[in-house]
Each structure stands twice: as structure tokens, then as C-alpha cells.
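Protein sequences, first through last, are from chains H and A.
With full-length UniProt numbering applied, the first sequence covers 1 to 222.
With full-length UniProt numbering applied, the second sequence covers 1 to 222.
These aren't lab readings, by the way, just hints derived from the structure by calculation.
Mixed in with the good hints there might be a few duds.
It does not matter which identical chain is used: a pair holds within one copy or between any two.
Claimed, not checked - Pairs of lysine-lysine residues, derived as DSS-like cross-links and limited to a Cα-Cα distance of at most 25 Å, are as follows:
| id | residue 1 | residue 2 |
| --- | --- | --- |
| 1 | Lys-101 | Lys-117 |
| 2 | Lys-152 | Lys-101 |
| 3 | Lys-114 | Lys-33 |
| 4 | Lys-101 | Lys-114 |
| 5 | Lys-23 | Lys-152 |
Since we're looking at a predicted model, the values are computed, not measured.
The residues making up each chain are set out below.
2 protein chains.
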Amino acid sequence: MRILHHLPLSPFSRKVRLVLSEKRLPFELRTEKLSERRPEYLALNPANTVPMLVEESGLAIPDSGVICEYLEEAYPDTPLLGRTLGERVEIRRLVAWFDGKFNLEVTRNLVGEKITKRMVGRGNPDAGALRAGYANVSGHLDYIGWLAENRKWLAGANLSLADFAAAAHLSSLDYIGDIDWSLSPPTRDWYARMKSRPSFRSILNDRITGIVPPPHYADLDF
Amino acid sequence: MRILHHLPLSPFSRKVRLVLSEKRLPFELRTEKLSERRPEYLALNPANTVPMLVEESGLAIPDSGVICEYLEEAYPDTPLLGRTLGERVEIRRLVAWFDGKFNLEVTRNLVGEKITKRMVGRGNPDAGALRAGYANVSGHLDYIGWLAENRKWLAGANLSLADFAAAAHLSSLDYIGDIDWSLSPPTRDWYARMKSRPSFRSILNDRITGIVPPPHYADLDF
Numbered sequence: 001m002r003i004l005h006h007l008p009l010s011p012f013s014r015k016v017r018l019v020l021s022e023k024r025l026p027f028e029l030r031t032e033k034l035s036e037r038r039p040e041y042l043a044l045n046p047a048n049t050v051p052m053l054v055e056e057s058g059l060a061i062p063d064s065g066v067i068c069e070y071l072e073e074a075y076p077d078t079p080l081l082g083r084t085l086g087e088r089v090e091i092r093r094l095v096a097w098f099d100g101k102f103n104l105e106v107t108r109n110l111v112g113e114k115i116t117k118r119m120v121g122r123g124n125p126d127a128g129a130l131r132a133g134y135a136n137v138s139g140h141l142d143y144i145g146w147l148a149e150n151r152k153w154l155a156g157a158n159l160s161l162a163d164f165a166a167a168a169h170l171s172s173l174d175y176i177g178d179i180d181w182s183l184s185p186p187t188r189d190w191y192a193r194m195k196s197r198p199s200f201r202s203i204l205n206d207r208i209t210g211i212v213p214p215p216h217y218a219d220l221d222f
Numbered sequence: 001m002r003i004l005h006h007l008p009l010s011p012f013s014r015k016v017r018l019v020l021s022e023k024r025l026p027f028e029l030r031t032e033k034l035s036e037r038r039p040e041y042l043a044l045n046p047a048n049t050v051p052m053l054v055e056e057s058g059l060a061i062p063d064s065g066v067i068c069e070y071l072e073e074a075y076p077d078t079p080l081l082g083r084t085l086g087e088r089v090e091i092r093r094l095v096a097w098f099d100g101k102f103n104l105e106v107t108r109n110l111v112g113e114k115i116t117k118r119m120v121g122r123g124n125p126d127a128g129a130l131r132a133g134y135a136n137v138s139g140h141l142d143y144i145g146w147l148a149e150n151r152k153w154l155a156g157a158n159l160s161l162a163d164f165a166a167a168a169h170l171s172s173l174d175y176i177g178d179i180d181w182s183l184s185p186p187t188r189d190w191y192a193r194m195k196s197r198p199s200f201r202s203i204l205n206d207r208i209t210g211i212v213p214p215p216h217y218a219d220l221d222f
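Given only the sequences and the hints, what does the whole structure look like? Please build it.
Shown next as C-alpha cells:
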């Protein structure tokens, strides 16, 4: 069986879970405690990161960007990276935006400080980082809302990896109650469409010990 | 004419310059002062980052990862991402390693603190970051040396984007004198092979006002 080593609130892991489900590729989830630095895990992925996908053949694929490019090449049905060169540039640009800029400015400052830091035993959240994270959220919600209002999906006419990258980050932040959906109705409407997809179910059903998500988290009509 | 907006010491810009040259695609370099936040630049690349490639058709492609995937698809001659799925995973894994982990642990702490920070007017280098950068270099040189000793090129039998990603980071660090080549003879031998490629010439000829590289920087027999 295909195995995805992950952490439940890692947006990068969530993006890969969504892509695997959209492509109808069955997989088993394994939570990887990175702080244990397991030798067997490091042998496959010396960077000691999640997600890492291990195919039934034994092929180990670390890094969510590498995994998504691999899945698109190995399983081209349900294409998520676009067809023309221009579409592919726009989709990858937005994936880089969410996994790079959005992650740095928002997710890392909030999910990273509140959750990841505690899990790896690196102390309390940094107040400056939290402030920066909260200050940056609304501009990003506006940008997503602008894309959602001007296009059918975030990168254009078709649902793509850009939507899943964005939704993965927002879902992690939403779990810890850090998204105020009233700030951007178009973003909320787009996210409601994402949430109602079957691929989203397992993510909405995830519960992390000791952290209770807000009531609207798994609600499709929030 | 194809235009690459860049910064001379950005390893991400250097990687794209190397790839364009290897693929024999002519281009013009434009230094982009990101701190000016030019509206015309932001319109094409709201993330306000270098590199950004603008094709003659007007297609604007930001982010070095997006650019390299685009170039491979648009100009498949001189392939740099491998042929089999396994080769492509290994090449992209190493590119993610150098542009992610290596950049975070080494380049950002040294080139970022000493050069980029000054250029964008964000003050003096942070002593802790410099210490971390210096502490992390030697382990990374060992890893590159291990790859170079066990494989013909870093990702396997063929020269690939992994070699250019690694060489781009090392060349930026070498310009500011922060690589002690005696630490890893196999890394030095591999880098000597990279340096002697015609695609490397323009990078070795770059000079940044006010920063003189060490004498060995452009020397092919260093």
C-alpha cells in the first residue's frame, strides 16, 4: 500500500492528501514524529520533513512540491497543473505564492508558532511572530477573494493545484480558529466549494489531541 | 528579447542564468531593485521577487522553481530534469534541498545577512544568524562531497538542475569569501567541473560595486 508520512496540521501534507484523493489514488496515512529523527526515516528523507510519499515499489518521494510534480507525471488522469504553458505558469506561480509567501507571512507565524513549535518542544509562541501573522492574514484573504471573484477557480477556468495549496493552508489555520471568514465573502464562498469536495472529507474529520477546532471547521455551510 | 530580472548575488537568479545558458537561450539581464517596489514590476510579479523571466511574447514567469519547470517544458532540448520518474524525483529532491534547506541554513544566514539586508536597507547582519550559517556550512559541504564521490553528477549519471542549484548557492557564498574549499576536496573537484562550463562564465565575470570577491573566485584552478 502507498504510504503518506504526514503531520495532521501541516498544510504541505494536507495539499498532498487532497491531490492523492482527487486523483483517486489510495494511500495510508502515517503520522511522523519528526523530533524523534528515526534513522529509517532519515535514510529515505535526510531532510527529515513531512510529507513524504512512499510508493508500493519502494520509491520514496519527499517534499510536497516534488510529490505533486511526480503525481502529475505518474498519474496524468485528473490533471491539476493545467494544459498550456501559460496555464501551467499561473498554477505553479500561485502554488509558489501559497507555499512560499503565504506560508512565510501567515501559516508559519500562526500554525508554526502555536502548534509545530510545541510539538517539537521548542517553547512558547513568539509574540512578534503572532502579531505579524494576524496582520498579514487579511491582505492575503483579499488577494484570494480577488482571484475567486475574477476567475472560476483561483488560477483560471479549471480547478488546479493552486486551489488545493491555498485550501490546505486555510484549512490548517481554520482548525486553530485563526480565519475570520467575514473578512472576505468571496474567499469564504470559494472555500465552501472546496470544502464540499469528497477529497476534503478526511481533512475535515481529522482531530488532533488537545486541540478542538471551532464549530464551523467541519461545517459545509459555515 | 527575453529578459531576466535578477539580482547578481541571488542564488535563485544565478540558477536560472545557468539553465538559460545551458539551453542556449539568449537573454538580457536587468537588475531589479526590489526595495523600490516598482508598480510595473509588481503588476507582473505581485510577490516582488527575483528572478522573473519575461519572454518575448510578454509571458511573465516569476519564481526560480516555476521558471525552471517552464524552461524544461518549453525548451526540452538539453533536458536538465532527468528522464525516468525516479531520476526526476531525485533531481527535484536535491533542488528542493539546496533551494530550501541549504538556503535556510546557510545562504540566507550569510549572503542574506551580509548583502541582501544591506541592499534593502534593513540594517546590520545578525551575529546569531552568521554563527548559524558558518556552523552549517561544513555539514552541507560534506553532503555535496558525498554525492560527488558516489555519483558522476550530484543527482546521478547526468548533469542536471541539481548541480546548477547547488553551484548557484556555492558561487554566491564563494563571492563573499565564505566557502573554505579545503574542507571538502570532492566538493571542490565537482565545483571546478561546474566552473569550467561556458554557462558559468558570465557569473564568474560579475562584479558587484563595493564587494571584491577573493582571488580564487573566478580562477578555474583554485
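Quiz item: Which of the numbered hints are not met once you compare them with the structure shown?
Solution: none
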